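Protein chains in written order, with the numbering used here: chain F, -6 to 314; chain R, -6 to 314; chain P, -6 to 314.
Don't read these hints as lab results, they were simulated from the structure.
Predicted, not measured: the structure shown is a model, and the values here were computed from it.
Treat the hints with care, since some could be wrong.
Which copy is meant is left open, because identical chains are indistinguishable; a pair holds if it fits in one copy or across any two.
Said to hold, decoys possible - Using 25 Å as the maximum straight-line C-alpha spacing, the simulated DSS-like pairs for lysine-lysine come out as follows:
no., residue 1, residue 2
1, K102, K137
2, K19, K63
3, K137, K184
4, K102, K72
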Amino acid sequence: MLAKRNKMDRLTATPIKPVLVSEIAKAIGAEFIGNNDIQITSFCTLFPGEPGGVTFLANGAYSKRLKDTKASVVIISKKQSCPENFACICLRVDNPYRAWGKLLLEFGKEAPWSNKAISDSAIIHETAQIANGVTIGANSIIGKNVIIHPNVTIYPNSKIGDNSILHSGVVIGADGFGFALPQLPETSLQKISHIGHVIINENVEIGANSCIDRAVVGATLIGAGTKLDNLCQIGHNVQIGIGCVLAGQVGIAGSCIIGNHVQIGGQVGIAGHLEIGDFVKIGAKSGVHKNVEKGKTIMGTPAIDASKFRRKFAASNMKNE
Amino acid sequence: MLAKRNKMDRLTATPIKPVLVSEIAKAIGAEFIGNNDIQITSFCTLFPGEPGGVTFLANGAYSKRLKDTKASVVIISKKQSCPENFACICLRVDNPYRAWGKLLLEFGKEAPWSNKAISDSAIIHETAQIANGVTIGANSIIGKNVIIHPNVTIYPNSKIGDNSILHSGVVIGADGFGFALPQLPETSLQKISHIGHVIINENVEIGANSCIDRAVVGATLIGAGTKLDNLCQIGHNVQIGIGCVLAGQVGIAGSCIIGNHVQIGGQVGIAGHLEIGDFVKIGAKSGVHKNVEKGKTIMGTPAIDASKFRRKFAASNMKNE
Amino acid sequence: MLAKRNKMDRLTATPIKPVLVSEIAKAIGAEFIGNNDIQITSFCTLFPGEPGGVTFLANGAYSKRLKDTKASVVIISKKQSCPENFACICLRVDNPYRAWGKLLLEFGKEAPWSNKAISDSAIIHETAQIANGVTIGANSIIGKNVIIHPNVTIYPNSKIGDNSILHSGVVIGADGFGFALPQLPETSLQKISHIGHVIINENVEIGANSCIDRAVVGATLIGAGTKLDNLCQIGHNVQIGIGCVLAGQVGIAGSCIIGNHVQIGGQVGIAGHLEIGDFVKIGAKSGVHKNVEKGKTIMGTPAIDASKFRRKFAASNMKNE
Chain F
-6 MLAKRNKMDR
4 LTATPIKPVL
14 VSEIAKAIGA
24 EFIGNNDIQI
34 TSFCTLFPGE
44 PGGVTFLANG
54 AYSKRLKDTK
64 ASVVIISKKQ
74 SCPENFACIC
84 LRVDNPYRAW
94 GKLLLEFGKE
104 APWSNKAISD
114 SAIIHETAQI
124 ANGVTIGANS
134 IIGKNVIIHP
144 NVTIYPNSKI
154 GDNSILHSGV
164 VIGADGFGFA
174 LPQLPETSLQ
184 KISHIGHVII
194 NENVEIGANS
204 CIDRAVVGAT
214 LIGAGTKLDN
224 LCQIGHNVQI
234 GIGCVLAGQV
244 GIAGSCIIGN
254 HVQIGGQVGI
264 AGHLEIGDFV
274 KIGAKSGVHK
284 NVEKGKTIMG
294 TPAIDASKFR
304 RKFAASNMKN
314 E
Chain R
-6 MLAKRNKMDR
4 LTATPIKPVL
14 VSEIAKAIGA
24 EFIGNNDIQI
34 TSFCTLFPGE
44 PGGVTFLANG
54 AYSKRLKDTK
64 ASVVIISKKQ
74 SCPENFACIC
84 LRVDNPYRAW
94 GKLLLEFGKE
104 APWSNKAISD
114 SAIIHETAQI
124 ANGVTIGANS
134 IIGKNVIIHP
144 NVTIYPNSKI
154 GDNSILHSGV
164 VIGADGFGFA
174 LPQLPETSLQ
184 KISHIGHVII
194 NENVEIGANS
204 CIDRAVVGAT
214 LIGAGTKLDN
224 LCQIGHNVQI
234 GIGCVLAGQV
244 GIAGSCIIGN
254 HVQIGGQVGI
264 AGHLEIGDFV
274 KIGAKSGVHK
284 NVEKGKTIMG
294 TPAIDASKFR
304 RKFAASNMKN
314 E
Chain P
-6 MLAKRNKMDR
4 LTATPIKPVL
14 VSEIAKAIGA
24 EFIGNNDIQI
34 TSFCTLFPGE
44 PGGVTFLANG
54 AYSKRLKDTK
64 ASVVIISKKQ
74 SCPENFACIC
84 LRVDNPYRAW
94 GKLLLEFGKE
104 APWSNKAISD
114 SAIIHETAQI
124 ANGVTIGANS
134 IIGKNVIIHP
144 NVTIYPNSKI
154 GDNSILHSGV
164 VIGADGFGFA
174 LPQLPETSLQ
184 KISHIGHVII
194 NENVEIGANS
204 CIDRAVVGAT
214 LIGAGTKLDN
224 LCQIGHNVQI
234 GIGCVLAGQV
244 GIAGSCIIGN
254 HVQIGGQVGI
264 AGHLEIGDFV
274 KIGAKSGVHK
284 NVEKGKTIMG
294 TPAIDASKFR
304 RKFAASNMKN
314 E
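If we strip away everything but chain F, and leave its shape as in the complex, we get (with noise of 0.2 Å):
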């Protein structure tokens, strides 16, 4: 039996220096009112969010399930109203996500700059094979028979779980993909710190040059027992389950929950913040635009049920004899 996910890893929030609500609010210009200044101990993400957290609401399609957060703060826009006899704290502003990054930027921390090739602060197992070339991170954890091929790259604070295979050209952990876009009067994208990490758990292979970004806060995740071929791209948040089989090319962007024993086609992509069902099956190339339920087989970009793409391009071929 592979083993289950492992809910005591924090995935979805990093802590931090605790800092009080009133330091927040002031960094990111937003009033704050009233006399419970609490102290804030981690940046989380909006759900499940966990008390002490501090986290944010860019997207309206959130909203009807905001009252549903257990962080203390949430970062809103004036425009948005907070719901009746809410338990947390909303601090207004005018662009939540370049605030959120401003505050990641602030008092998150990244991981130290190092041009070492195995940081002193790695744990390496001393069963593990390092090949040459491969870059390891601080404070990385590598396991039990782990196997590095030549120049994969291991960016700090990523945890590699027993017997899992990295291929050569892996890039563990590299900084998400966010960027909070301008509002006018600003024209320049904003960077968002990334001070979370990634966790490959045991018995998990990546194939050669597969990109796996680390999270925003908390953790993106490959479950135990999955296998991903090569160049693969796997977003930030990221969350796969265990047993998983992705082929050549795949693209999961990010924040998405990927059950287990998915099996995912070649040169797929699935957009951001997806929820795939268990034994869910993917034909190759096709492209996922909403949620999958477990055990369906879909195909198609937009992709949809196998047996109605087969039907529809059956017919769409016959018509035009």
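Since the structure of chain F is provided, determine the placement of chains R and P on it from the hints.
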């Protein structure tokens, strides 16, 4: 004139230290009846197969052609019947692909692990140019005037032909993507050992960060004079002919046979086990799911004749104006 | 404010050691008539072209605009007629692209080969951070506060602007993908030398394992403040404007001009020689095959107006329910 494909290379079989059929049967829990306990001298593909070789049949689509194999032993499903008067020895198991994986692991021999930059056993022509950060594995052969740019990885047993150029980040010979799916009560994927290698013939150019996986048995082949752009993925046991042109981000799944002078547009994907004829042209971003005859031009996903594709697109556009 | 594109960069021409037109004609077997044996001082693109430059016309689609070039010499097909009162010298050959390739090889000058990690002639600002396993080629210039992560390769003559970030495995300046197809009795592809380079302007971020090819002549350009995600492929002579965002696995074929503030979704492919206007948005996984006007939003393969795409998809879905 470009050289013809070298028929002397054993592209579809890998020799092993000889072992008796009865030992193979025992290893995979198959019944072996009779006194024809011959020596097995190689692992081979089903077609053509070679005398002395052991292979397997997992895909029902090949059942009809089973009688054509030249292998001496075939591992088949217990549900499968052997052809009448079949010259081969059939070994019956519940899951032929998992049994094959077990045999490769037990009797095959993967290249030894090393953390050296350039293996002592690699044979590198004195005129070859090897840049900074390159890793060359055991028993690899690098020909005359080969140029290997920085941070290339060449796994063991690879052959790089004269005048070929490998750009930065190229990975030659990583493990192919082969995992036997679990059958209950099993729940974990089983890695298929890859004991084959990669052959790059002369005058080949391979673009930055492209990956050519090594074969399960025999060789993955890139024919003379063929040019690959950046970020291409070539699966295990693919054979590409001479003078082909592959644009950027093309993916070719395992065991495809690509003819000579084939032109493949950017981001094309080709499903596994297909045959693409000489002089075929494939439009950018197409998804190819079946064999393509010599000289055809195709496009779309699933790819169809190019002129038909254009008519369909024009018709569908008019309808919705 | 982001800096405007720097007009002083010679993006479409590369200087050469001066050579007479008669020598060029002789090298490619073209007839040179007249006594106007001027000196040629650069290789340049057809448009705009520059006085003193030699260029070529291989694509019939540009014939009508031939009279607009500012080049001094154009290599054209024997089947092609020169415009009347044409200020240029026309050199006629059977295969202009092969002739061009021959000239680049004979009179152009590729950067010298080296196996050093950091070339002695590279100019690296003292504030730049260069990680483990990085290779920087001859005459490259690395600006202030640039961060180069492990295992990046920078080919010779590249320029990396201030505050830019290159993630692990990035390849800057590899040979563009240019090969002249054979015309009988020839049977082999002829490599086109790339004597141009790459310019990355300030505040650019390039994701892990992405590739930016160098130009045939002149430069491939990434504009200030533009951000690329992982595994992107940017072909030779592409020019990308300021403040653009390219998601993962995007591919842009050679010589495209991308405007400012363009947003490109994951896995999009853009065919060669296209112009994409400012503020264009391209939906994920689209295939773009023609120019796109300023401000448009497009999607699909081939890509069409986004609202039209959605209507077509909805209609086609209903029809098959």
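Here is what the structure says about each hint:
When the C-alpha separation of K102 and K137 is checked against a cutoff of 25 Å, the pair qualifies only between copies, where the shortest distance is 22 Å, while the shortest distance within a copy is 29 Å. Only within a single protomer do K19 and K63 lie at most 25 Å apart by alpha-carbon distance; the minimum there is 23 Å, versus 58 Å between protomers. Taking the closest pair of Cα atoms, K137 and K184 come within 25 Å of each other only across two copies (18 Å); inside a single copy the shortest separation is 36 Å, beyond that limit. In this assembly of identical chains, K102 and K72 lie within 25 Å of each other by CA distance neither inside one copy nor across copies; the values are 30 Å within and 59 Å between.
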